[in-house]
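Enquirer: Here are the chains, one letter per residue:
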Amino acid sequence: MITLDDVTITYGTGSRALVAVRDFTLGVAEGEAVGLVGESGSGKSTVLRAVAGLIPYATGEITLAGRRVDRRRTTAERKMAQMVFQDPYGSLHPNQTVDQILAMPVAIHRLDRGEARIAQVLVEVGLGREHRYRYPHQLSGGQRQRVAIARALILEPRILLLDEPTSALDVSVQAEILNLLSRLRRDHGLTLLMVSHDLAVIAHLCERIGVMSRGQLLEITTATAMANNQVTHDYTHELLRSNAGYDRSSVSSGELDVAAG
Amino acid sequence: MTDTLLAVRNLSVTYPGDDGDVRAVRNVSFTLGRERLGIVGESGSGKSTTGRAIMGLVGPPGRIEADELRLGDTDLRGLSERGFRKLRGQRIAMVLQDPKYSLDPVMSVGQQIAETHRSHLRSTNRDARSVALEMLQAVHIRDPERVYALYPHQVSGGMGQRVMIAMMLIAGPDILIADEPTSALDVTVQTQVLAIMDDLVRSRGMGLILISHNLHLVSSFCDRVLVMYAGQVLETCAAGNLAEAKHPYTRGLLAALPQLGNRRAELPQLQRDPAWMADLA
Numbered sequence: 002m003i004t005l006d007d008v009t010i011t012y013g014t015g016s017r018a019l020v021a022v023r024d025f026t027l028g029v030a031e032g033e034a035v036g037l038v039g040e041s042g043s044g045k046s047t048v049l050r051a052v053a054g055l056i057p058y059a060t061g062e063i064t065l066a067g068r069r070v071d072r073r074r075t076t077a078e079r080k081m082a083q084m085v086f087q088d089p090y091g092s093l094h095p096n097q098t099v100d101q102i103l104a105m106p107v108a109i110h111r112l113d114r115g116e117a118r119i120a121q122v123l124v125e126v127g128l129g130r131e132h133r134y135r136y137p138h139q140l141s142g143g144q145r146q147r148v149a150i151a152r153a154l155i156l157e158p159r160i161l162l163l164d165e166p167t168s169a170l171d172v173s174v175q176a177e178i179l180n181l182l183s184r185l186r187r188d189h190g191l192t193l194l195m196v197s198h199d200l201a202v203i204a205h206l207c208e209r210i211g212v213m214s215r216g217q218l219l220e221i222t223t224a225t226a227m228a229n230n231q232v233t234h235d236y237t238h239e240l241l242r243s244n245a246g247y248d249r250s251s252v253s254s255g256e257l258d259v260a261a262g
Numbered sequence: 004m005t006d007t008l009l010a011v012r013n014l015s016v017t018y019p020g021d022d023g024d025v026r027a028v029r030n031v032s033f034t035l036g037r038e039r040l041g042i043v044g045e046s047g048s049g050k051s052t053t054g055r056a057i058m059g060l061v062g063p064p065g066r067i068e069a070d071e072l073r074l075g076d077t078d079l080r081g082l083s084e085r086g087f088r089k090l091r092g093q094r095i096a097m098v099l100q101d102p103k104y105s106l107d108p109v110m111s112v113g114q115q116i117a118e119t120h121r122s123h124l125r126s127t128n129r130d131a132r133s134v135a136l137e138m139l140q141a142v143h144i145r146d147p148e149r150v151y152a153l154y155p156h157q158v159s160g161g162m163g164q165r166v167m168i169a170m171m172l173i174a175g176p177d178i179l180i181a182d183e184p185t186s187a188l189d190v191t192v193q194t195q196v197l198a199i200m201d202d203l204v205r206s207r208g209m210g211l212i213l214i215s216h217n218l219h220l221v222s223s224f225c226d227r228v229l230v231m232y233a234g235q236v237l238e239t240c241a242a243g244n245l246a247e248a249k250h251p252y253t254r255g256l257l258a259a260l261p262q263l264g265n266r267r268a269e270l271p272q273l274q275r276d277p278a279w280m281a282d283l284a
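Sequences listed follow chains W and A, in order. Remember, the numbering used here sits 1 above the position in the first sequence when you count from 1. Remember, the numbering used here sits 3 above the position in the second sequence when you count from 1.
Any given hint could be a false lead.
Unchecked claim - Okay, the calculated bits of chain W under chain A, using three or more residues with CB under 8 Å as the criterion: (1) 122-128; (2) 162-173; (3) 176-190; (4) 200-210; (5) 243-251.
To be verified - With a straight-line cut-off of 25 Å between C-alpha atoms, the simulated SDA-like cross-links for lysine to any residue are: (6) A:Lys103 / W:Arg215; (7) A:Lys103 / W:Tyr90; (8) A:Lys103 / A:Arg149; (9) A:Lys249 / W:Val259; (10) A:Lys103 / W:Glu177; (11) A:Lys89 / A:Leu203; (12) A:Lys103 / A:His216; (13) A:Lys103 / W:Leu257; (14) A:Lys103 / W:Ala169; (15) A:Lys249 / A:Gln272; (16) A:Lys249 / W:Leu257.
No lab work stands behind these hints, which were simulated from the structure alone. Quantities reported herein were computed from a predicted structural model and do not represent experimental measurements. We put the CB at the ideal spot given by N, CA and C, even for glycine.
Bound conformation, chain A alone:
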């Protein structure tokens, strides 16, 4: 197997609407290796839909078309729900924004983590429990035995997101897609959760896709960044060079951010150019 974990070529996602089809994602292409790839864009840019399409979570009436959508040696195009269910968790996993809504409220967090292990690796209850406890330790929870028995409403947002990460990584996937994983958290907790994700993804040699609206976050966390607008990738650049981005949209977004230490009487407002959409209509 090569080092390309995921290959996406000309991915489009279309939803039928009252006034004709809405193309939420248009001809998006990228590859992911063992790296941290960021996808930034404003709401409605198609960044989350791209992630969901890769996870096989775009249900009807949405339609997915792609010239290539490949996870390792598995073709994801036309894969059945059953096929996807095998991949999710084991080969590719997703962390969502708010742990309050993505954890099962009537099951202890430890059981939820162990369940992932049991269902993918067909392990015994006892084994699953011990691996789940190890995972809780791996996300830096000091008293895993106690947290194992807690229910989601009993843990803080930061703790909940650690639990989510533990659950997503327990079956050893190659790729983690994190969709705004820290937007619901306090800034000081954000850094901790990102550091935990960073450490685990690196030590396991995984690929990570970080989806976020936060330009600062993505440029400081990732290796490479895709900038999305109206369903298309406008530009791709090395994260460290985001400040030298070429596309007027990216430049406009960066300029519109208020900056500590550079107070401007008026923030430059983004002027949207219809031409940004025209070529891919």
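Chain W extracted, bound-state conformation:
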């Protein structure tokens, strides 16, 4: 459904160009959920943005449903892959009601039955009719993230791109959103590509997990292998160790030393 073949993504041009992602190759089958983990600056969000068509890529090839895509996309290509961002406080227009926010993609894509679509998608993400004419500031963080998911879902995409969809949320709300995402994936046969720094969150939704560091894909492993500590890279081991909680004995004093960049 999604393939990235030897993709390199750079920011800037000429001598100031920064290679954010280098020679990245990954395939995601239809209906599969794949996660990317890595530290900040590792390029995981950049990959997602390139798949969404928000940024161009320099070399290589990205295909969606077998067709090569670039930054310039047809309406149909845009409709196919929709994205949900990390911060529902920042990604919703503060001066638009939920109704207006959801009506926008319907209008842009010239879909019919806008009314019915909005009503239906609100039900699907677990929002009541009373939320439809509210502004984002009148909603809780979890409700806002539901609106962001509804906005992606209203176009009936086949691919959902998730950039840290729960890291701005409390644990109890995170569980609700994760449950919602698994249900939507099942009901709609969605293909998911998700980015998070939280291994447990990624492993909950995704079968396969790619580990990124400094713009490169270090390894592709599975949630099960992660749980059984069957990973090859040192960096992945370190991620697992940190994920298990704090253990003073796991860090030697020598490891604590840092020098200024």
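Put chain A on the given structure of chain W with help from the hints.
Expert: Just chain A now, kept in the frame of chain W:
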């Protein structure tokens, strides 16, 4: 002096709102010795406000009431801003979440650390500088001379948080309050920053309050944990026994966490019981 560094009894913090008063913290009681105490809770549970109240950082229109709020032998109730300014840094210090926002952007990080030393211990510039360099070394920065001259935008998040810790500990406080000290950092850097804080707090025999929303982190780092909900402490337990917590809220939160190696089709969602708030309304 006894080993109780901080005693808090029936602390309440109230903010006036449009629809009546909002009680952000309700009758919170605890004591802190030379230990690592964790405060966990979701957003709005009052965990940060509790920390700010102890630091004297709840300004008007917020109101603080307490039967007891005592730092060593100093009564913090009704202490003036001037009185607090003396305590902050010297007796009790606070590390906040994001070093980007808590460091002064137009002053080199070394100068900021030295300033704390100068203002509390009335030291000379030269002495303050040399102690600041020692502190940078104590937080495991290998080339302190070079980092001393850097500005906050020139250091990474992990380095910035080390600088914050150095600044907070330079005047030798008894208590360090760390409010989500590692939430803005990458997981691998988190462990390092926590280890540095841990080592320093232990070797100096300080008390530490770690405020966080992260149950794993708090239970693995601290000795004792307070669980807060809607401004109250719902339960207190030994950190190692958090998994056997009794309160349905704590149990619900733990169950709602996705776990590596225990994949469930559906995560149990937390059902909030109004009774959790009723008794302390």
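Enquirer: Now tell me, hint by hint, if it's right for this structure.
Expert: Against the structure, the hints:
no.	hint	result
1	122-128	violated (count 0)
2	162-173	holds (count 3)
3	176-190	holds (count 5)
4	200-210	holds (count 5)
5	243-251	holds (count 8)
6	A:Lys103 / W:Arg215	holds, 22 Å
7	A:Lys103 / W:Tyr90	holds, 20 Å
8	A:Lys103 / A:Arg149	holds, 19 Å
9	A:Lys249 / W:Val259	violated, 42 Å
10	A:Lys103 / W:Glu177	violated, 32 Å
11	A:Lys89 / A:Leu203	holds, 22 Å
12	A:Lys103 / A:His216	holds, 20 Å
13	A:Lys103 / W:Leu257	holds, 21 Å
14	A:Lys103 / W:Ala169	holds, 18 Å
15	A:Lys249 / A:Gln272	holds, 17 Å
16	A:Lys249 / W:Leu257	violated, 37 Å
Consistency with the previously given hints fails for numbers 1, 9, 10 and 16, ordered from lowest to highest.
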